[in-house]
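J.: As you go down the protein sequences, you meet chains A and B in turn.
Under this note's numbering, the residue at position 180 of the first sequence is numbered 180, and the numbers go up by one with no gaps.
Numbering-wise, this note's numbering comes out as the position in the second sequence, counting from 1, plus 582.
Hints were generated in silico from the structure; no laboratory data involved.
Please note that the accuracy of each hint is not assured.
Per the computed footprint, the stretches of chain A lying under chain B, defined by three or more beta-carbons under 8 Å from a beta-carbon of chain B, are [claimed, not checked]:
1. 240-253
2. 341-347
3. 351-357
4. 364-371
5. 454-465
Here a beta-carbon is modelled for each residue, glycine too, at the ideal position from N, C-alpha and C.
What follows is the residue order along each chain.
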Amino acid sequence: MLTRSIQRGLRIGAISFGILTYLILVGLPTRIGDAAMPVLAVAMALLFWISLRGGVSKQDVSARAPAPLFTAGTMAGLFAGALTATLIAFFTGLLADGVRLQPIFDKIVPQNMAALYGVMPGVIATEGIPALGWLRQTLFLTASGIVGALLVLIERSIRQRSFPRIPWLRWVPLILPFVLLAFVIWLGMPGVTFGGNNRGTIRLLATMVTIGSGIFALRAARPGAEQRVFGLLFFLAIAYLPFTLDQFQNSVMGIVFIFVMIGLGLNIVVGFAGLLDLGYVAFFAIGAYVYAFLAAPFSSPWVTAQLQSLGLPYNQPLVSYWMAIPITMVAAGIGGVLLGIPVLRLRGDYLAIVTLGFGEIIRLFMLNLSDLTNGPRGLLNIAPPYLFGINFGSPREIFILALIGAGIVAFAAYRLDGSRLGRAWIAMREDEDVAQATGVNLVRTKLLAFAIGALFAGLAGQLYAARQVNIFPENFSLFVSIDALSLVIVGGMGSIPGVVIGALALKGLPEVLRGVDEYRIVTFAALLVLMMIVRPEGLVPSTRRRRELHEDAEPIAGVDAPSALEQLATAEPTATQKAGRQ
Amino acid sequence: MTVTTYSSTPLPRRRKSAAHWVLRALGVLILVLVIWRVYTVGMAENYPASFWISQALNGLVLGGVYALVALGYTLVYGILLMINFAHGEVVMIGGFAGFFALQFFTAIGWLEGSAALVAFALLLIVGAGMLASVLTGVTLERVAYRPLRGAPRLVPLISAIGASLFLQYSVLLIFGVSPRVYQKPALIAGGFRVGDVFVPYTGVIIFATSLLLMLALYLIVQRSKLGKAMRAVAEDKGTAALMGIDVNQVIVFTFILGSALAGAAGVMLGFHNTIVKFNSGFILGLKAFTAAVLGGIGNIPGAMMGALLLGLIEAIGPSALGIPTEYKDIISFSVLVLILIFRPSGLLGEVLSEKKA
Numbered sequence: 001m002l003t004r005s006i007q008r009g010l011r012i013g014a015i016s017f018g019i020l021t022y023l024i025l026v027g028l029p030t031r032i033g034d035a036a037m038p039v040l041a042v043a044m045a046l047l048f049w050i051s052l053r054g055g056v057s058k059q060d061v062s063a064r065a066p067a068p069l070f071t072a073g074t075m076a077g078l079f080a081g082a083l084t085a086t087l088i089a090f091f092t093g094l095l096a097d098g099v100r101l102q103p104i105f106d107k108i109v110p111q112n113m114a115a116l117y118g119v120m121p122g123v124i125a126t127e128g129i130p131a132l133g134w135l136r137q138t139l140f141l142t143a144s145g146i147v148g149a150l151l152v153l154i155e156r157s158i159r160q161r162s163f164p165r166i167p168w169l170r171w172v173p174l175i176l177p178f179v180l181l182a183f184v185i186w187l188g189m190p191g192v193t194f195g196g197n198n199r200g201t202i203r204l205l206a207t208m209v210t211i212g213s214g215i216f217a218l219r220a221a222r223p224g225a226e227q228r229v230f231g232l233l234f235f236l237a238i239a240y241l242p243f244t245l246d247q248f249q250n251s252v253m254g255i256v257f258i259f260v261m262i263g264l265g266l267n268i269v270v271g272f273a274g275l276l277d278l279g280y281v282a283f284f285a286i287g288a289y290v291y292a293f294l295a296a297p298f299s300s301p302w303v304t305a306q307l308q309s310l311g312l313p314y315n316q317p318l319v320s321y322w323m324a325i326p327i328t329m330v331a332a333g334i335g336g337v338l339l340g341i342p343v344l345r346l347r348g349d350y351l352a353i354v355t356l357g358f359g360e361i362i363r364l365f366m367l368n369l370s371d372l373t374n375g376p377r378g379l380l381n382i383a384p385p386y387l388f389g390i391n392f393g394s395p396r397e398i399f400i401l402a403l404i405g406a407g408i409v410a411f412a413a414y415r416l417d418g419s420r421l422g423r424a425w426i427a428m429r430e431d432e433d434v435a436q437a438t439g440v441n442l443v444r445t446k447l448l449a450f451a452i453g454a455l456f457a458g459l460a461g462q463l464y465a466a467r468q469v470n471i472f473p474e475n476f477s478l479f480v481s482i483d484a485l486s487l488v489i490v491g492g493m494g495s496i497p498g499v500v501i502g503a504l505a506l507k508g509l510p511e512v513l514r515g516v517d518e519y520r521i522v523t524f525a526a527l528l529v530l531m532m533i534v535r536p537e538g539l540v541p542s543t544r545r546r547r548e549l550h551e552d553a554e555p556i557a558g559v560d561a562p563s564a565l566e567q568l569a570t571a572e573p574t575a576t577q578k579a580g581r582q
Numbered sequence: 583m584t585v586t587t588y589s590s591t592p593l594p595r596r597r598k599s600a601a602h603w604v605l606r607a608l609g610v611l612i613l614v615l616v617i618w619r620v621y622t623v624g625m626a627e628n629y630p631a632s633f634w635i636s637q638a639l640n641g642l643v644l645g646g647v648y649a650l651v652a653l654g655y656t657l658v659y660g661i662l663l664m665i666n667f668a669h670g671e672v673v674m675i676g677g678f679a680g681f682f683a684l685q686f687f688t689a690i691g692w693l694e695g696s697a698a699l700v701a702f703a704l705l706l707i708v709g710a711g712m713l714a715s716v717l718t719g720v721t722l723e724r725v726a727y728r729p730l731r732g733a734p735r736l737v738p739l740i741s742a743i744g745a746s747l748f749l750q751y752s753v754l755l756i757f758g759v760s761p762r763v764y765q766k767p768a769l770i771a772g773g774f775r776v777g778d779v780f781v782p783y784t785g786v787i788i789f790a791t792s793l794l795l796m797l798a799l800y801l802i803v804q805r806s807k808l809g810k811a812m813r814a815v816a817e818d819k820g821t822a823a824l825m826g827i828d829v830n831q832v833i834v835f836t837f838i839l840g841s842a843l844a845g846a847a848g849v850m851l852g853f854h855n856t857i858v859k860f861n862s863g864f865i866l867g868l869k870a871f872t873a874a875v876l877g878g879i880g881n882i883p884g885a886m887m888g889a890l891l892l893g894l895i896e897a898i899g900p901s902a903l904g905i906p907t908e909y910k911d912i913i914s915f916s917v918l919v920l921i922l923i924f925r926p927s928g929l930l931g932e933v934l935s936e937k938k939a
């Protein structure tokens with residue numbers, strides 16, 4: 001028993017050492033500053049907690065005895081601490097000897113090492129390793145190992161106790177968005193100094209949480225009058241947002257809602273119809289470029305030449321933004337059908353790679369057809385939308401337009417989901433052959449999925465072009481497709497509120513994380529992997545999807561079971577709780 | 583030669599419809615147009631034969647490297663039925679490890695020594711690249727893919743996309759933005775002439791090494807016991823497990839094989855292109871995946887053939903069609919789209935049964 005828990009500790013320690021090494025190599029200590037080691041130790045304590053508790057079900061946690069936990073925790077901390085401290089001492093020794101490690105490891109510089117010892121960078125260069133540094137670091141991590149074991153025990157005792165039910169807690173998630181909205185409005189008032197320099201970022205984050213929690217609130221509300229009232233209030237709250245936010249926040253929210261439109265379109269293709277499309281950016285690009293040709297004909301040499309030869313004026317927009325909407329949408333829809341026809345026979349991954357190829361081809365054409373698209377120099381000075389002679393091109397108006405556009409698209413998607421066509425899509429997604437046998441016209445259904453998805457993307461593309469004013473081929477790289485696909489999946493495939501949540505998480509959060517710019521993508525990527533492991537059905541799964549993914553699995557504590565808050569709120573004890581109390 | 587890693591359950595032939603004949607006529611039309619274009623351009627430009635030969639050699643070298651990477655995709659796909667989107671990054675990490683090994687051997691002076699010493703050092707450099715890639719590949723499998731075994735197909739794909747981004751930007755953070763430049767040892771820097779055609783030594787070495795590695799892979803998959811287990815797992819995981827095969831071990835072994843080839847490809851590509859940087863694996867991975875699909879994914883000879891074909895098309899295509907070289911990616915993707923339209927399961931692929939499609 002003892003050897004087993006020691007082995008377990010060593011294994012956890014080795015993994016933690018790997019993670020610590022990674023964090024040191026990417027230069028996190030420099031960012032944290034003098035307190036680097038304590039901060040890392042706290043982070044590691046959480047990691048030790050997660051790995052020591054092991055298992056996923058509640059029973060596993062309850063079954064852990066204290067003694068082996070502490071043995072394993074101490075061993076893990078000691079092992080990870082000793083290894084890490086040795087590694088740091090090794091690097092520091094080299095640096096102190098005047099070896100420049102930067103050509104190999106970009107972030108191994110005296111500042112980084114000094115932060116780990118909590119001393120000034122100059123000390124490393126002159127005096128080498130501080131005395132007792134090794135021991136101090138090892139002890140820090142050993143302590144975090146013991147804290148990790150303690151946390152498991154605390155969790156166990158909390159889980160074993162039963163709590164009284166408080167009915168009014170049910171209202172907390174329902175009221176939360178409005179409290180947050182009040183917070184957002186308060187932050188925007190003149191004279192408020194809360195948050196200092198970060199006030200704008202905090203406000204942006206609060207705005208996004210407002211919208212996100214609002215969507216959860218709508219789902220938590222009881223169907224019927226309650227849901228309708230909250231829906232109306234939530235709608236009013238969102239409609240008020242553009243008028244209270246400042247320029248930067250509006251522009252971020254604008255791009256988020258443009259991506260909501262893209263996501264809703266892709267959701268039809270991937271989520272409803274099950275056609276894995278990796279080249280979705282093509283339709284977005286078609287929408288943007290068609291609008292650009294119409295609204296800025298002077299920046300495309302070929303279009304200018306054609307207009308000149310026809311004797312038409314070429315130095316002003318050909319049509320207004322509103323007149324261009326049907327044109328861009330039809331163009332994108334035709335693009336969708338043109339892509340759809342050749343790939344009708346393809347399935348699964350072949351479809352994915354062909355659509356990916358199609359997206360790349362469109363981008364390369366944009367890049368190289370410099371007569372038409374002006375190549376990498378892009379199309380410039382695209383006209384903003386005008387309404388009754390008022391310029392609608394500022395971030396606030398773009399956000400409003402994006403909200404309206406996303407609303408219309410969401411409504412269309414919602415109606416499609418329940419329609420005959422929507423059911424045909426779902427049948428096709430589940431099994432093409434059976435769908436065909438039951439009378440679904442596969443050609444028509446598939447082409448409609450591609451075309452409708454493309455229409456939405458075209459609409460989003462047009463708004464994007466108007467927002468950006470200048471568009472370049474690199475705005476339409478494969479990463480847009482990947483972003484769109486990720487947001488659909490993170491939100492929950494086939495779920496319309498999920499797309500909004502996904503867009504907030506994937507396009508909005510990185511903007512909030514601007515402060516830690518360097519680590520933005522890495523954090524995001526790691527979260528994506530983690531999310532797929534922990535909650536593959538998405539943040540707001542559609543009911544159907546959730547059932548598919550957890551067909552006969554027992555509810556898993558902390559993963560799928562209702563959260564503590566929800567548990568407290570429900571009047572009836574759920575099955576999990578019954579099982580937990582026995 | 584039954585090297586396929588699929589079950590072979592051909593669907594019954596469908597009745598030929600009008601659409602089928604239209605499609606076929608379209609195919610012939612495209613073929614005629616391409617041949618006509620190549621013919622007229624060839625007449626007009628009148629390049630010497632040596633130009634074509636050296637272009638073709640270039641294409642073969644590139645194709646050899648693509649083949650090594652494509653094999654990694656195809657092996658994993660054959661067994662797990664998932665696109666290992668992060669495979670390009672495994673190649674890139676191999677390239678980085680090879681670069682550091684190269685620096686090391688340059689520093690201790692082995693690369694100015696005798697031919698045997700240089701050859702030994704080069705072997706070790708490739709070995710270092712392979713080792714780093716294998717470690718990356720195995721970790722990737724353990725962390726990002728194994729927990730998702732049995733999840734719907736899109737889930738591991740997204741996880742792979744996340745892993746790909748994570749690896750790229752971690753390399754960016756750890757090693758910095760500046761690209762690393764491979765310096766060829768003096769011994770292999772030059773080349774020789776056959777008639778009018780200049781053949782660089784690196785090209786010969788790269789092509790020979792890729793052929794050797796492919797042969798080794800073929801032998802492992804066809805002759806060894808583990809290879810047999812791999813084929814069994816690809817055929818049917820459940821039944822293979824019942825026959826006493828450790829499925830997890832076989833999957834790890836598959837990742838080891840694929841990543842080792844990727845590491846070698848990364849180092850050789852470093853010598854070929856002379857630079858390696860954090861995002862150099864991405865487009866390469868895309869190309870290699872294209873090659874694997876071209877040949878019929880999951881099919882080992884298909885991947886080799888598709889990759890060599892893709893390399894040749896990329897090298898010869900632009901000049902043969904008389905269009906700028908910037909369009910070479912368009913050509914390769916168009917070839918892919920066309921081949922999949924006319925042969926939906928790739929050149930050597932079989933008709934997929936419904937479960938696997």
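J.: Hint by hint, note whether the structure agrees.
T.: Taking the hints in turn, this is what the structure says about them:
no.	hint	in the structure
1	240-253	violated (count 0)
2	341-347	holds (count 5)
3	351-357	holds (count 5)
4	364-371	holds (count 4)
5	454-465	violated (count 0)
Comparing the model with each numbered hint stated earlier shows that hints 1 and 5 do not hold.
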